[in-house]
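Participant: Construct the complete structure from the given sequences, taking the supplied hints into account.
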Amino acid sequence: MNKKALREALVAAGLSRLLKDLPALMAPAISLVTAPTPEAAMVVGNSKIGGLPDLPMDIEWPRWKQLPLAFVAQLRLEELSSYDSARALPVHGMLWFFYAARQQVYGANPDDMGSWSVLFRHDATHLRPRLPPVSLPCSDRFSACRIKFANDFTLSQLPTSLLTHFDWSDDEQDRYDQLVSSLYTGTEPSHHVLGHPYMLQDDMQEQCQLMHAGVRDATDPRIELLTTRSRDWRLLLQVDTDERIHMRWGSTGMLYYWIRWPDLQASYFDDTWLILQSD
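Each residue of the sequence shown is one higher than the last, beginning at 1 in our numbering.
One should not assume that every hint holds.
[As the list claims (entries may be wrong)] In silico DSBU-like pairs for lysine-lysine, Cα to Cα no more than 35 Å straight-line:
1) K20 <-> K3
2) K4 <-> K20
3) K3 <-> K148
4) K148 <-> K20
5) K4 <-> K148
[Claimed, not checked] Pairwise CB distance ranges (calculated):
6) G250 <-> S161: 33 to 39 Å
7) G214 <-> P137: 27 to 33 Å
8) F120 <-> K20: 22 to 28 Å
9) S267 <-> S161: 26 to 32 Å
10) S267 <-> S182: 17 to 23 Å
11) S267 <-> D177: 32 to 38 Å
Treat the hints as calculated values from the structure; they're not laboratory data. All values reported here derive from a predicted model rather than from experimental measurement. Glycine included, every Cβ here is placed at the ideal spot set by N, Cα and C.
Facilitator: Here it is as structure tokens:
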């Protein structure tokens with residue numbers, strides 16, 4: 001949605017009074033509109049979800065606990081550049097996303113570190129489609145989708161954390177929650193880069209901060225200080241379940257790759273966190 005459409009949606013939902021809060025609640029994103037496409041018809045080096053990764057020869061297939069990760073997506077950043085209104089991403093290069101798809105890790109434990117991988121190359125040349133290791137189960141090999149990009153604006157599901165003076169009634173909160181849910185209940189998968197995530201469970205920024213820091217229980221004395229920096233974590237990529245290409249996260253859930261804002265500004269993608277949420 002664009003800004004005008006979001007304003008109209010608030011008014012249509014009987015939430016005209018909340019228009020004053022809209023600038024604080026929305027964040028620009030890049031929507032990924034996908035279409036299943038035979039691998040042979042894909043252009044090597046273009047953005048895709050699923051299929052075979054196009055990798056330089058010197059990059060090894062990521063593994064965790066000696067098992068290969070499933071390939072999730074690749075993004076050629078030149079293709080996203082004109083849609084990146086926040087100017088948050090590198091202008092050039094390639095990002096590759098992997099995940100231990102069938103190993104049942106959700107980013108809810110510090111020990112989950114390493115069960116995903118985000119690879120980045122600024123000079124993404126001499127790419128070739130890479131067949132997965134033979135030890136990667138067939139169930140972890142997804143069919144390919146080509147991607148078209150579109151500008152989008154996303155709404156936060158955590159207004160109390162963003163608004164300095166939160167003065168909403170319970171009815172307004174309920175109407176707002178229903179509006180946000182309606183934006184993500186279409187028939188197409190909801191994939192996007194940057195912006196606010198569509199949460200299926202709890203606040204993920206605090207979870208990223210605590211799990212990344214190795215917090216294992218609620219008695220950890222570092223929690224209070226750590227949570228003051230939770231908002232440093234930003235959504236990098238949201239990948240929805242897509243039954244068309246046999247890609248399912250939990251029970252029709254979503255994958256969320258997170259990165260700290262200073263790392264994103266520095267084009268440093270080696271220290272991300274991943275969370276899987278499902279209904």
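Participant: Each hint: holds or not?
Facilitator: Each hint, compared with the structure:
1. K20 <-> K3: Measuring from Cα to Cα gives roughly 13 Å; hence the hint holds.
2. K4 <-> K20: Holds. K4 to K20 sits at ~14 Å (cutoff 35 Å).
3. K3 <-> K148: Within the cut-off at roughly 20 Å; holds.
4. K148 <-> K20: holds, 32 Å
5. K4 <-> K148: The given pair, whose Cα atoms are some 22 Å apart, holds under the 35 Å limit.
6. G250 <-> S161: 33 to 39 Å: violated, 25 Å
7. G214 <-> P137: 27 to 33 Å: With a Cβ separation near 30 Å, G214 and P137 satisfy 27 to 33 Å, so the hint holds.
8. F120 <-> K20: 22 to 28 Å: Check failed, 39 Å falls outside 22 to 28 Å.
9. S267 <-> S161: 26 to 32 Å: holds, 27 Å
10. S267 <-> S182: 17 to 23 Å: violated, 35 Å
11. S267 <-> D177: 32 to 38 Å: Holds, since S267 and D177 (Cβ atoms, about 35 Å apart) stay within the stated range.
Consistency note: the structure conflicts with the earlier hints numbered 6, 8, 10.
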